[in-house]
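Following the hints, complete the assembly by docking chain B onto the known chain A.
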Amino acid sequence: MINVLLITFAMTLIYLSIANRMGSYIKILVFQGLLLFGVSFIELKEINILNLIFILFETIVFKTIAVPLLLNYIIRRNRITREVEPFLPNFISLIIVTFIIIVTFLLSNIIEDPHLNKIYFVVAFSSLFTGLYIIITRKKIITHVMGFLVIENGVFILSLAVGNEMPMLVNTGILLDLFVSVLVLGIFVNKIGDVLKDVDVEQLQNLKD
Amino acid sequence: MISFALIIITSLFFMGIIIRTKSIASGRKGPGIFQPMKDVIRLWKKDAVYSKTTSFVFQIAPSIYFASVLMAILVIPFGQYKGIISFEGDFVFFAYVLALGKFFSIISAMDTGSSFEGIGASREALYSMLAEPAFFILMGSFALFTGHTSFHDIFISLHFGSYISYALGVLATFILIMIAMIENSRMPIDDPKTHLELTMIHEVMILDNSGFDLGLILFATNLKFAMYGALIANFFIANFQMYLTIPIFFAVQIIFAVIVGILESFSARFRMNHNAQFIFTLTSVALMIFFGVLMVIGKFI
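Residue numbers (numbering that gives the first Met the number 0), protein chains in the order written: chain A, 0 to 208; chain B, 0 to 300.
Read the hints as simulated data drawn from the structure, not as lab findings.
Pairwise CB distance ranges, derived in the manner of DEER restraints:
#1 L182/A with F115/B: 53 to 59 Å
#2 V169/B with T171/A: 32 to 38 Å
#3 A98/B with K190/A: 55 to 61 Å
Keep in mind that this is a model prediction, so the values were computed, not measured. Note that the Cβ used here is the ideal one computed from N, Cα and C, for glycine as well.
So that you can see chain A by itself, here it is in the shape it has in the complex (with noise of 0.2 Å):
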């Protein structure tokens, strides 16, 4: 079940890559989360009740509720408009995310350690190249702070596939991560779509002393 649930996380990262409208981006954003909760709640072994409250929290609660209606509020307030407005067209987006896929696959191949589960891997490296790729190649500034999400849930993964247990270190360390980022970013986006009309990155060329 954990092997169709990490394909189907797969599967939203090449949607990602050819999705054009901001409400696409914050649903997808929101089925990784439930995706990820359905990793990890299988993944754990004993139900400690304190790990299984936490795990909750931090995928349903926070992933899949607050930081969609957050950037959603945040779409709405500076009235963004749908499109993402990529540099590239999206059809090359889904090639080098595909290519990105078949890297990963043909790296986690080199790697011989009887730790790691080699599908893990491959999903939660897959999925840090591909927000680092959405990052680097779409214009607006919420969109990075989407991108950034992505990375954390391949962080998240990542996390899950090293150790049987989550370290509960680890797990405050992302969410308090993925807290200040969230907040952080809408704050200044906010404060950006106060000051210009447009958020945009290539305004912020403009900004001098």
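Just chain B now, with coordinates in the frame of chain A:
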């Protein structure tokens, strides 16, 4: 034998269910579910009219197209019963016999000398070229998963697996539904109801066909839908008894038809330049399944 008979029966009402679903979704009552078949029979009673600029290719192409679809249906198994033809590697035969029919429909469209039909033929060739790797990677990963290369053996040994075979079946269903939509030129790719030649794909290729030939082409579309539906149904028919498998088969076909109808009602046609990337997505998804299978069986390249 039994799969052939069941597919023919399904093809009689398949398109009717799609049209009925679309009517209900748009708030109308809609025609009866046998109406498309009655239209085909009406066309079969008529003679065909041939343009003077066309050659014999235009006249034989619809028959070859229809025959190729029938040949492709022959290799499809039903549960533990083999198709009429069954041999090692018959999914390659399945794909290329369909490609032969498509080739003839393309050159017959070119044969009429109409510029619109040339556009349609070129689009159809491009889209089937992009959809082909998806099908082969999908069937190839199933062949790898089970260790067999014919439809019958693949489907039989798939059900001795665990939950993973059903999960892969669900993913494969998604790809096969999309391939069926592309091959039949339905909604996300092409709008069968469009009235502008410049935006058509499949409809523009058959503009010059009439009467009996047009009836053959329309019925071949119904057969193709039922054929893909039978392929999908095979993923879910385990080695049950006959009185269980036949209801499952028809249930899968009807659900497939309703899904196609709902997809067509609630989605708009893509812009032409978005189609290529959409179809290529299927290849990427099939590649995911391939890697998943490689991971699951622990066989690395």
